Every structure is written in C-alpha cells, then in structure tokens.
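Colleague: Sequence:
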Amino acid sequence: MSKFTHIGCACGKTRLEVQGEPILVSECLCNSCRQAAARLAKLPRAPNILTSHEATASAEYRKDRIRFVSGREHLAEFRLVADAGSRRVVATCCNTPVLLEMKGAHWLSLYLHLWPESSRPAIDIRTMVSDLPDASHLPDNVPNLKTHTVSFYMKLLWAWIGMGFRNPKIEVARTVDA
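For any residue, its number in my numbering is found by taking its place in the sequence shown, counting from 1, and adding 225.
Rather than coming from a laboratory, the hints here were simulated on the basis of the structure.
You may find that some hints are simply not true.
As the list claims (entries may be wrong) - Here are the computed lysine-lysine pairs in the BS3-like style, where the Cα-Cα straight-line distance is at most 30 Å:
1. K267 x K228
2. K328 x K288
3. K267 x K380
4. K228 x K238
5. K371 x K238
6. K288 x K228
7. K288 x K380
8. K238 x K394
9. K328 x K380
10. K394 x K380
11. K288 x K267
Unchecked claim - Ranges of calculated distance between the beta carbons of each label pair, as one might list FRET restraints:
12. N392 x H362: 35 to 43 Å
13. P358 x C236: 33 to 41 Å
14. V375 x D289: 22 to 30 Å
15. S343 x Q244: 17 to 25 Å
16. K394 x E242: 26 to 34 Å
17. E298 x R345: 25 to 33 Å
18. S227 x P341: 13 to 21 Å
19. I386 x E342: 29 to 37 Å
20. E246 x S295: 21 to 29 Å
21. M379 x S355: 15 to 23 Å
Quick caveat, the model's predicted, so the values are computed rather than measured.
Glycine is no exception: its CB is placed at the ideal position from the N, C-alpha and C atoms.
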C-alpha cells in the first residue's frame, strides 16, 4: 500500500494529499521559474519560494497521485505572459504558490515549501544552471545540471507509461495577477 502525505498552503485552508514518492525532486534555476517566484512573492502575505541560491524547489508528482482535500475554491492560475506554456497555481487564501504545470504535462511540480521542513523531500538535482550568469556559488551537494537531461525525461516518460498515457486535467477557474 502506498504512503499518503498531507501538505498544504501557509494558512492551512488549501490542503493536498500526495501518494507515494515523487518522480523526482529538483531545484530549477531557469529564468522563468525565478522570475515567476519573484513576482508571486510580491503578493500580499505571500511566502518567498526561492531558495538561498535563487532556485525554485519542487517535487514532481504524477497528476493521478495528487488530490486536493480542501481549498480548491482558493486556487488561481498565474502566467508570466498570457500565452505562456506553463502556469503556476496559487492558493489565494494566503497567496501561497502551490504548483507549476507545464502545458500538456502528465505531472505537476509541487513546491517544496508545502511540506513541513522536517518532512520535506530531499533534492535530487539542480537544473537549468545555464540560465545563471555565474553558477560558481551553487553548492555541490547534488548535480548542478546545465539543462534537463535524458535521465530527467526518462523518469517522466516512465511515470507517463505507469499512468497508461493519461493526462488528468487540473481545473482552475480564476487567475491572479502578480
């Protein structure tokens, strides 16, 4: 039987249940993730989700292993530009960034600050390091990858095969501007 973990926004009104272990746990240093995190941090009461070295940390989970337990009515999407291929979803009850969804993806990247610090999944890799002007300050505790690797995409492919090539939709009715 798979383990279930309960996580949620800063105020506790938006709660999720995730099943099993993540596909991968990463820190992304791409310009898009860093820019979105900086803009979302300016919302009232919003937590800053950037790590000390300006990355966004997330656990990638199959969509079929994530369930919103409460607070779905608080969810709103944020896009850097109107036609962006990715969206971030925020719990507007406390403006906590919850997840990143790539267009057409069968997985979601759940931001690690949703977990209590004591049970937060450990980072496997740091990716998109090539977007930094100078990556020399990054710790070497995990691989610092210039881009996404074949191994990264293979893990996602195996997860999709495990889902029977399904891609559940995550409905979010509202938008938020940051």
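Colleague: With reference to the structure, classify each hint as holding or not holding.
Modeller: Checked hints:
no.: 1; hint: K267 x K228; verdict: violated, 35 Å
no.: 2; hint: K328 x K288; verdict: holds, 13 Å
no.: 3; hint: K267 x K380; verdict: violated, 34 Å
no.: 4; hint: K228 x K238; verdict: holds, 22 Å
no.: 5; hint: K371 x K238; verdict: violated, 37 Å
no.: 6; hint: K288 x K228; verdict: holds, 16 Å
no.: 7; hint: K288 x K380; verdict: holds, 14 Å
no.: 8; hint: K238 x K394; verdict: holds, 22 Å
no.: 9; hint: K328 x K380; verdict: holds, 18 Å
no.: 10; hint: K394 x K380; verdict: holds, 21 Å
no.: 11; hint: K288 x K267; verdict: holds, 28 Å
no.: 12; hint: N392 x H362: 35 to 43 Å; verdict: holds, 37 Å
no.: 13; hint: P358 x C236: 33 to 41 Å; verdict: holds, 36 Å
no.: 14; hint: V375 x D289: 22 to 30 Å; verdict: holds, 24 Å
no.: 15; hint: S343 x Q244: 17 to 25 Å; verdict: holds, 20 Å
no.: 16; hint: K394 x E242: 26 to 34 Å; verdict: violated, 18 Å
no.: 17; hint: E298 x R345: 25 to 33 Å; verdict: holds, 26 Å
no.: 18; hint: S227 x P341: 13 to 21 Å; verdict: holds, 20 Å
no.: 19; hint: I386 x E342: 29 to 37 Å; verdict: holds, 33 Å
no.: 20; hint: E246 x S295: 21 to 29 Å; verdict: holds, 23 Å
no.: 21; hint: M379 x S355: 15 to 23 Å; verdict: holds, 20 Å
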